[in-house]
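A.B. asks: Given the coordinates of chain A, assemble chain B onto it according to the supplied hints.
Number of protein chains: 2
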Amino acid sequence: MKALVYITPKEGILDPQGLTVGKALRNLGMKQVADVRIGKYVEIDLPKTKRKKAEEITKQACDRLLANPNIEAYRFEIVEDG
Amino acid sequence: MKALVYITPKEGILDPQGLTVGKALRNLGMKQVADVRIGKYVEIDLPKTKRKKAEEITKQACDRLLANPNIEAYRFEIVEDG
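Chains A and B are the protein sequences, given in the same order.
The letter at position 36 of the first sequence is residue 577 when you use the numbering used here, and the numbering goes up by one with no holes.
The letter at position 7 of the second sequence is residue 548 when you use the numbering used here, and the numbering goes up by one with no holes.
One or more hints might be untrue.
Because identical chains cannot be distinguished in the list, a pair is counted as satisfied if it fits within a single copy or across any two copies.
[Claimed, not checked] Distance condition first, Cα-Cα at most 20 Å in a straight line; then the derived SDA-like pairs of lysine to any residue:
id	residue 1	residue 2
1	Lys581	Asp604
2	Lys543	Tyr582
3	Lys594	Asp604
4	Lys572	Leu560
5	Lys572	Asp586
6	Lys593	Pro610
7	Lys593	Asn609
8	Lys589	Ala614
9	Lys591	Gly553
10	Lys551	Asp586
11	Lys551	Tyr582
12	Lys543	Glu597
13	Lys600	Tyr582
14	Lys572	Lys600
15	Lys543	Gly570
16	Lys581	Glu618
17	Lys581	Tyr547
18	Lys564	Lys589
19	Lys543	Lys564
Please keep in mind that the hints were generated in silico from the structure rather than gathered at the bench.
So here's chain A without its partners, still in its complex pose:
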């Protein structure tokens, strides 16, 4: 299995990188761009692991290492390899 993890700044948390990128895109002529939020995207290969176990491991990986619970929210999906 493969875990696809999306980590984003929590609602209400200032995202200075996102603000800067939004401004830069508008300056490049993309006037339709409003808010931009920048987060992390993590792919975790979990070979020979069943779906339920893969979910457990991914949750643990987010809680114990990948996401800062004070300022970041995460969600993930488990997909078949390949």
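C.D. replies: Then chain B, alone, in the frame of chain A:
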């Protein structure tokens, strides 16, 4: 519309951050973890923009600012707001 953009290191490009995180997860006891790849996840709000235009803008944003074409690949999806 809202664009969800996933930017990852290209195949064959070394990802030292991913290697480090993979090792850390195994050291924390998650032995099933094999490769880890770390990329960026960007959400772009495009209010009052039609799907086709949103796709054009997102492609342009990736090509002109968000992704480094030498070492990064990107994909995106356009979803309804809310």
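A.B. asks: Is it within a copy, between copies, both, or neither that the alpha carbon of Lys594 lies no farther than 20 Å from that of Asp604?
C.D. replies: Within one copy only: 15 Å inside, 38 Å across.
A.B. asks: Checking Lys551 and Tyr582: alpha-carbon separation at most 20 Å within a copy, between copies, both or neither?
C.D. replies: both (15 Å within a copy, 14 Å between copies)
A.B. asks: State whether the alpha carbon distance between Lys572 and Lys600 is at most 20 Å within one copy, between copies, both, or neither.
C.D. replies: Classified as between: cross-chain Cα gap 14 Å, same-chain 38 Å, threshold 20 Å.
A.B. asks: Treating 20 Å as the Cα threshold, decide for Lys589 and Ala614: within, between, both or neither.
C.D. replies: Cα proximity of Lys589 and Ala614: none, with 28 Å in one copy and 27 Å across.
A.B. asks: With identical chains treated as interchangeable, where does the CA-CA distance between Lys543 and Gly570 reach 20 Å or less: within a copy, between copies, both, or neither?
C.D. replies: So Lys543 and Gly570 pass the 20 Å test across copies only (18 Å; inside, 37 Å).
A.B. asks: Please sort Lys543 with Tyr582 into within, between, both or neither, judging by C-alpha distance up to 20 Å.
C.D. replies: Both ways: Lys543 and Tyr582 sit 13 Å apart in one copy and 17 Å across, limit 20 Å.
A.B. asks: When no copy is named, should Lys581 and Asp604 be tagged within, between, both, or neither for a Cα gap of at most 20 Å?
C.D. replies: Both: 15 Å inside a copy, 19 Å across copies.
A.B. asks: How do Lys593 and Asn609 come out at 20 Å by Cα distance, when the copy is not named: within, between, both, or neither?
C.D. replies: neither (24 Å within a copy, 36 Å between copies)
A.B. asks: Regarding Lys591 and Gly553, is the shortest C-alpha distance of 20 Å or less found within a copy, between copies, in both, or in neither?
C.D. replies: neither (36 Å within a copy, 27 Å between copies)
A.B. asks: Give the relationship of Lys551 and Asp586 under a CA distance limit of 20 Å: within one copy only, between copies only, both, or neither.
C.D. replies: Only across copies: Lys551 and Asp586 sit 16 Å apart there, 26 Å inside one copy, limit 20 Å.
A.B. asks: Reference check for the pair Lys593 and Pro610, CA-CA at most 20 Å: within, between, both, or neither?
C.D. replies: neither (23 Å within a copy, 36 Å between copies)
A.B. asks: Go through the copies and call it for Lys543 and Lys564: within, between, both or neither, with a Cα cutoff of 20 Å.
C.D. replies: between (35 Å within a copy, 17 Å between copies)
The earlier numbered hints that this structure contradicts are 6, 7, 8 and 9.
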